[in-house]
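Protein chains in written order, with the numbering used here: chain A, -6 to 425; chain B, -6 to 425.
Worth flagging that the hints you see were computed from the coordinates, not collected in a lab. A hint or two may mislead.
Since the list gives no way to pick one copy over another, a pair counts as held whenever it fits inside one copy or between any two copies.
[Said to hold, decoys possible] Cut-off 27 Å, straight-line C-alpha distance, at most; resulting in silico cross-link-like pairs (DSS-like, lysine-lysine):
#1 376 <-> 200
#2 373 <-> 301
#3 27 <-> 329
#4 221 <-> 301
#5 418 <-> 207
#6 418 <-> 405
Quantities reported herein were computed from a predicted structural model and do not represent experimental measurements.
2 protein chains.
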Amino acid sequence: MAENKISTQPYKGSRDFYPEDMRLRNYIFGIWKKVCERFGYEEYDGPFIEPFEIYEAKTGDEIVNQQLYSFIDRGERKVAIRPEMTPTLARMVAQKFYELPQPIRWYSIPNLWRYEKPQRGRLREHYQLNVDIFGVDSVEADFELFLILINIMQEFGAKENMFEIKINHRELAENIYTDLGIHKKDFSELNKAIDKKYKLSEDDFEKMLKEDVKLNNGQINNIKNFFKNPYPAMQKMKTSGAAAIRHLLKLCDDSEISKFVKYDPTIIRGLDYYTGTVFELFDLNPNNIRAMSGGGRYDDLVSMFLNKKISATGFGMGDVTFTNFLQDWKLIPELKNSCEYLITLWPSQERDFYDRGMELSQKLREMGKNAEMWLDSDTKIDKQLKYADKKGINNVIIIGENELKNNEATVKNLETREQKTLPLKKFLTDLK
Amino acid sequence: MAENKISTQPYKGSRDFYPEDMRLRNYIFGIWKKVCERFGYEEYDGPFIEPFEIYEAKTGDEIVNQQLYSFIDRGERKVAIRPEMTPTLARMVAQKFYELPQPIRWYSIPNLWRYEKPQRGRLREHYQLNVDIFGVDSVEADFELFLILINIMQEFGAKENMFEIKINHRELAENIYTDLGIHKKDFSELNKAIDKKYKLSEDDFEKMLKEDVKLNNGQINNIKNFFKNPYPAMQKMKTSGAAAIRHLLKLCDDSEISKFVKYDPTIIRGLDYYTGTVFELFDLNPNNIRAMSGGGRYDDLVSMFLNKKISATGFGMGDVTFTNFLQDWKLIPELKNSCEYLITLWPSQERDFYDRGMELSQKLREMGKNAEMWLDSDTKIDKQLKYADKKGINNVIIIGENELKNNEATVKNLETREQKTLPLKKFLTDLK
Chain A
-6 MAENKISTQP YKGSRDFYPE DMRLRNYIFG IWKKVCERFG YEEYDGPFIE PFEIYEAKTG
54 DEIVNQQLYS FIDRGERKVA IRPEMTPTLA RMVAQKFYEL PQPIRWYSIP NLWRYEKPQR
114 GRLREHYQLN VDIFGVDSVE ADFELFLILI NIMQEFGAKE NMFEIKINHR ELAENIYTDL
174 GIHKKDFSEL NKAIDKKYKL SEDDFEKMLK EDVKLNNGQI NNIKNFFKNP YPAMQKMKTS
234 GAAAIRHLLK LCDDSEISKF VKYDPTIIRG LDYYTGTVFE LFDLNPNNIR AMSGGGRYDD
294 LVSMFLNKKI SATGFGMGDV TFTNFLQDWK LIPELKNSCE YLITLWPSQE RDFYDRGMEL
354 SQKLREMGKN AEMWLDSDTK IDKQLKYADK KGINNVIIIG ENELKNNEAT VKNLETREQK
414 TLPLKKFLTD LK
Chain B
-6 MAENKISTQP YKGSRDFYPE DMRLRNYIFG IWKKVCERFG YEEYDGPFIE PFEIYEAKTG
54 DEIVNQQLYS FIDRGERKVA IRPEMTPTLA RMVAQKFYEL PQPIRWYSIP NLWRYEKPQR
114 GRLREHYQLN VDIFGVDSVE ADFELFLILI NIMQEFGAKE NMFEIKINHR ELAENIYTDL
174 GIHKKDFSEL NKAIDKKYKL SEDDFEKMLK EDVKLNNGQI NNIKNFFKNP YPAMQKMKTS
234 GAAAIRHLLK LCDDSEISKF VKYDPTIIRG LDYYTGTVFE LFDLNPNNIR AMSGGGRYDD
294 LVSMFLNKKI SATGFGMGDV TFTNFLQDWK LIPELKNSCE YLITLWPSQE RDFYDRGMEL
354 SQKLREMGKN AEMWLDSDTK IDKQLKYADK KGINNVIIIG ENELKNNEAT VKNLETREQK
414 TLPLKKFLTD LK
């Protein structure tokens, strides 16, 4: 028989959240939400399915051609399951742009899907905190995003030695490439190589510059020298991109977050819509090489929908790499079942036990206590206690023959193993 | 130009949740969660995409053939976007059946998709609270579900005249059909007709019995007489299904929820997997004719995955019809922005205003206050106040030339229109 059964495994690269997994998810989302609201951000959400075309133009070839879950619906519309939230966000902002008070500070925690090879830190679905500001041109907005990111990390108990933010600027990077003698037509391939640099040996990086980007030896040497000590080139550049990143670095240096932020020209970001500052948050644990969060300025995205240029900056932070971070640094506290009481049911066919137990359960619930009642009248009390123990319910209430007769309850604390029998009335008054 | 832009509308039948919509969603979900946890239920979740086959057998023809969003993934797997949560739940229970403490009391609020014609109370996507118990055979479990449903309704402020639960039993219904002279082969068509009865005139119902179910006049008369007064047939039936529903009705009658629950043989439920008690929650407002919630016992579903019969009962409650209910009965309270303070930025190129404002913002945040800071140094204070007003931020803080010099802040309450200037230190101490 068993071989005819349907598999109980979830779809490849996706997750089942059992109650203990869900507690962790709720813990993480809870802190994400709390910190975002602390900075005045409001929560929004959009649909899981979007028209295909909103990803087509700006989301990037790799995602659209290799990773997108897209299909034709029963009404012949080409649609896609969202692989990222920013196009939905831009669509929503464009839709009500003239009604919405500005600046717009919004956050969301959507579930996103990409057809990837499942591996550590990367699944086919993940949840991603998205935090964005629309309508602030200046780098003070990017600085605020850094404050939020670092506040989130600190709220989880992360310390200075555990993470850092690396920043770059798209325009500055292009200015520098030009100064290094690279032609504009090679920027895109060069960015691809630089984006992979952190995973490559020096030789392999050089090989990529030669074979894929097709740079000559002089250009390659310039690139290599630049990466050895990138600060001077950034400091002396006289363009608005360079000025912006210097201003941003100054804001960081003058504040309590200075130790967490540094300029790093290897930060590229894969998405096509970035126009200015880009940044990524890294785990300093070498086991966790992938960025936990990334973002930047995308002042042009809304123009897909609206004949208007709207400045925007934001970041995303995925739950899979972030959970790895918390696990590796042992930052996950014990997360308990929210249920505080199990009202056991005395094994008896007499209806009174059930009625008394139900009455007490309802009283506890009315008092705002979470209380579960045992319903099967055939189960030994011992087994009910074991159940409470296994589920992490701290208090067990027993109403046996004597307790029923005397209007009493025996209350057992499974942590301290303390047990006492007391009048029901007193038990309830003590709780208040 | 504008005609080349991509549409800003969400995919047909789906919703954008702007911050004010999200506040309502969070309000509803918050109460759903609170009540479920009050009864000891733990939250779980599963993936948005599932293998097609878990819906194929038991979810029902209409959903699978006409409404399911299914497609072939890039690895040639046939998959579907979940149209309901119960098959995922059964899969998860089967997967860890031997490790999970039992009974299993779980809830979830998944987003579900069905390709339907969008209309009032029905969209292509909706959120649905799912509440289920596995491992309790007796109707005390169904009774507990009613308590939860009614507790939810009361928590939202719903009164006796606003809603009711109607119950039936699959086996009892079949026993009664047999007694009325209907053949087993006609049960399925008869159920379809009865399921639509509430939308039909008496004549149209009769026509359906004749033409679709193909009953003769004697059978039709029996059915009509039965529906005129169904209680006696239920009361006298001597089968386990009848005994179960009488026991359940007795539990209700003996409790505080008696006024909300009644036997109604028109309750059928469309899903194929129900095996015993079935029930639906109705709005008593005639504008809102559709059931807001439905459920029942499905003791056989887990056997799709596991060679084992596991008793189960549960219900689902969709957010679209439920929101209509709250709106029509005017049960939605004012839901405010969680941000309490706007720290304005004095329009000046002097950096000190920004620095002082940022320092104060961070202090407020450290004290657990939600505070937003204005970042653009070119905006008139009046415009900043209007922004706060429009967003429902109650308190505005102004640090102008004098305040900066004297270490003060002007605090304005936008509700009471009160305004005072006081030393920064005193402002912060008063807050504590």
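Enumerated hints in conflict with the structure, sorted upward
1, 4 and 5
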